[in-house]
Amino acid sequence: MNAISQDVTAMTASSAATAEGRAAKFMKRRNRIRFYEILVWVAAVAAIFVAPTKLLILTEIAILALFAVSLDLVLGFAGIVSLGHAAFFGLGAYIAGLIALHFIAEPVVGLIVAGLASGVLGFLTSFLILRGSDLTRLMTTLGIALMMAEVANQMAWLTGGADGLGGFTVGPILGIFEFDLFGRNGYIYCLVVLFLVTMIARRLAFSPFGLSLKAIKGNPMRAGMVGVPARRRIVAVYTLAAVFAGMGGALLTQTTSFVSPDVLAFHRSADLLMVLVIGGTGYLYGGIFGAIIFTLLKDWLSVVTPQYWMFWIGLILVAMVLTGRDRLARWIEYLPERFSRKEADR
Amino acid sequence: MTGIVLETKGLKRRFGAFLATNDVSLKVERGARHALIGPNGAGKTTLINLLTGVQPPSEGQVFLEGEDITSLASFRRVKRGLTRTFQINQLFTDFTPLETAALAIAEREGIGHNLWRSITGYGKVVDEAAALLDRFGLASVMGERTGTLPYGKQRLLEIALAFASKPRVLLLDEPAAGVPEDERHEVLAIVSDLPSDVTVVLIEHDMDLVFSFASRISVLVAGAIFTEGTVAEISADPRVKAVYLGENV
Chain A
1 MNAISQDVTA
11 MTASSAATAE
21 GRAAKFMKRR
31 NRIRFYEILV
41 WVAAVAAIFV
51 APTKLLILTE
61 IAILALFAVS
71 LDLVLGFAGI
81 VSLGHAAFFG
91 LGAYIAGLIA
101 LHFIAEPVVG
111 LIVAGLASGV
121 LGFLTSFLIL
131 RGSDLTRLMT
141 TLGIALMMAE
151 VANQMAWLTG
161 GADGLGGFTV
171 GPILGIFEFD
181 LFGRNGYIYC
191 LVVLFLVTMI
201 ARRLAFSPFG
211 LSLKAIKGNP
221 MRAGMVGVPA
231 RRRIVAVYTL
241 AAVFAGMGGA
251 LLTQTTSFVS
261 PDVLAFHRSA
271 DLLMVLVIGG
281 TGYLYGGIFG
291 AIIFTLLKDW
301 LSVVTPQYWM
311 FWIGLILVAM
321 VLTGRDRLAR
331 WIEYLPERFS
341 RKEADR
Chain B
1001 MTGIVLETKG
1011 LKRRFGAFLA
1021 TNDVSLKVER
1031 GARHALIGPN
1041 GAGKTTLINL
1051 LTGVQPPSEG
1061 QVFLEGEDIT
1071 SLASFRRVKR
1081 GLTRTFQINQ
1091 LFTDFTPLET
1101 AALAIAEREG
1111 IGHNLWRSIT
1121 GYGKVVDEAA
1131 ALLDRFGLAS
1141 VMGERTGTLP
1151 YGKQRLLEIA
1161 LAFASKPRVL
1171 LLDEPAAGVP
1181 EDERHEVLAI
1191 VSDLPSDVTV
1201 VLIEHDMDLV
1211 FSFASRISVL
1221 VAGAIFTEGT
1231 VAEISADPRV
1241 KAVYLGENV
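The listed protein sequences derive, respectively, from chains A and B. The opening position of the first sequence corresponds to residue 1 in this note's numbering, with each subsequent residue numbered one higher. The opening position of the second sequence corresponds to residue 1001 in this note's numbering, with each subsequent residue numbered one higher.
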């Protein structure tokens, strides 16, 4: 009898050990590098050599992608909708412009200061989005962005008002790499920043923090019941997303040597949501894929039908919404996940 | 070690003109196996919601270990050792059971705010999550999406999730509802195996389960405590039977 009970204990112990082994494997599988990730970065680097005449639009894509990755952290992870993410992008753009104009022409300093400034704004406004439903949040974030746009418009002595902020030149990156006429170094600069931000966001996504964000999005009541301090986590991720968005704005200023009041415009926030609808949310690369498709589509349509391209974009958006948001958000799952498939089932 | 661990004083909750919880003053002793029974709509779940901070009370106070926790958010109560299961599953449908358990354990260990290290790096958390799932018979489905699991498995995860927080006071809202008959006793056995200083408050309709599990029973009717006593007292009380059969007392 004793032997039997020992047997049972051994059995349960071994089944627990097997479970632990499998669990470790599942967790490793969870944050392994996906096929499409390598594809994206290889293609982005290859573009420098393959498409040297398209670098300006590629720079535009990289900046939009950075902006979208930033919103994805808030929307795709914590489930916070925003129609005012341009507030952070625009603030970053103006700060970078002002720094180049008055203080230092070297862009990396401007990039970091712009990110920090937007982060401060993000932190302060994050408390306004803690309460309420999606609709309240849309209105609050929209309101903040509109106020920022009006402030920039009114403070013409500082921002140039409706004329925009210009008359500055951006110095070489780190004092070494000059911005060239073809936008080659500008593109590389934006790509490096996008890569670094995406890698930071990726670490975050697979950390306990990232998991808790998805829990808040998935079921806030239960998240509280397993001990997730939802408000603190939302404040943290919103602040971080604002930093990234501000850096996106800074990149735009530095690659164009001009700040248009357009950086704070409503359509920027709205376009950004569309980018994420196209690319899908919650897996980080949605912002990048969405930015590529959205920019190319916009570019192509505005050549084909210069007057009506917005109509076509709108029509495509309606078609996508009718197809179903879920299906769109999951299209990435149909891509191959890894190079060798066999290993998955072992 | 004995004493009152969970207490309410004059707890009331109104929904418009409807009084869902009517002046409930309840005392639960440490290590008790305390059952809350009552007909449908008696306010059992509302009471649990008030205890765990899912809803704020209209009046009255809640005490945990003698401290007033009435205004504390749910997650702070969990940190103090008070957690619950839900009558209707409240799970993260896009998570795998493994992620779900790892999340709860990570939060319990206070590493949930870490945004730099991958969960894979916390071997202990992953191991514990695996062991917990194994104990609830969920090891075979640990890598599947929770939303696609059969209801019985989701139900087990619901309960396992409360265990992951290592509560000192555990509130179970009809844990056996929807659990297949053959797994039902297994669930209750795991609950019974809890250390004796862990307090369990159980809402349950299955009287056999209640009588075999509980040491003390409170009967809730129309939001108020109707009567309270030991299993023997309650099972012998003709008024309780009458209440359950919907007769007027």
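If you are wondering where the hints come from, they were derived from the structure by calculation, not from laboratory data. Among the clues, some could well be false.
These stretches of chain A come out as covered by chain B in the derived footprint (C-beta under 8 Å, 3 or more residues) [claimed, not checked]: (1) 22–28; (2) 201–209; (3) 214–222; (4) 243–252.
Distance condition first, Cα-Cα at most 25 Å in a straight line; then the derived PhoX-like pairs of lysine-lysine [to be verified]: (5) K1027(B) with K28(A); (6) K1079(B) with K1027(B); (7) K217(A) with K1027(B); (8) K1124(B) with K1166(B); (9) K217(A) with K1009(B); (10) K1027(B) with K1009(B); (11) K28(A) with K217(A); (12) K1124(B) with K25(A).
The following residues of chain B were derived to be distant from chain A, with all beta-carbon distances above 10 Å [said to hold, decoys possible]: (13) G1060; (14) D1068; (15) D1134; (16) Y1151; (17) L1194.
C-beta atoms are modelled at their ideal positions from N, C-alpha and C, and glycine is treated no differently.
Here's how the hints hold up against the structure:
Residues of the segment 22–28 of chain A lying with their CB closer than 8 Å to a CB of chain B number 6, which satisfies the three-residue condition for coverage. For the segment 201–209 of chain A, the assignment as covered by chain B holds, since 6 residues bring a beta-carbon within under 8 Å of that chain's beta-carbons and 3 suffice. A stretch counts as covered by a chain when three or more of its residues have a beta carbon under 8 Å from one of that chain; for the segment 214–222 of chain A and chain B the count is 6, and the coverage holds. Beta-carbon proximity to chain B at under 8 Å applies to 0 residues in the segment 243–252 of chain A; the threshold of 3 is not reached and the given coverage is violated.
For the hint pairing K1027(B) with K28(A), the CA-to-CA distance comes to about 46 Å; that exceeds 25 Å, so the pair is violated. For the hint pairing K1079(B) with K1027(B), the CA-to-CA distance comes to about 21 Å; that is within 25 Å, so the pair holds. For the hint linking K217(A) to K1027(B), the alpha-carbon distance of about 35 Å lies beyond 25 Å, and the restraint is violated. At roughly 15 Å between alpha-carbon atoms, K1124(B) and K1166(B) fall within 25 Å of each other, so this suggested pair holds.
Taking the CA atoms of K217(A) and K1009(B), the gap is about 34 Å. The hint is violated against a cut of 25 Å. A distance of roughly 9 Å separates the Cα atoms of K1027(B) and K1009(B); the hinted pair therefore holds under the 25 Å criterion. Between K28(A) and K217(A) the alpha-carbon distance is near 23 Å, which keeps this suggested pair within the 25 Å criterion. This hinted pair checks out: K1124(B) and K25(A) have alpha carbons roughly 14 Å apart, not beyond 25 Å.
Under the 10 Å C-beta cut-off, the non-interface status given to G1060(B) relative to chain A holds; the minimum distance is some 21 Å. Every CB of chain A lies more than 10 Å from the CB of D1068(B), the least distance being 19 Å, so the non-interface label holds. Distance check on D1134(B): its Cβ comes as close as 4 Å (rounded) to a Cβ of chain A, failing to clear the 10 Å threshold; non-interface status is violated. Against the 10 Å criterion, Y1151(B) stays outside the reach of chain A, whose nearest CB is about 17 Å from its own CB.
At roughly 18 Å, the least C-beta separation between L1194(B) and chain A is larger than 10 Å, which holds for a residue marked as non-interface.
In the structure shown, a violation is registered for the earlier hints numbered 4, 5, 7, 9, 15, in ascending order.
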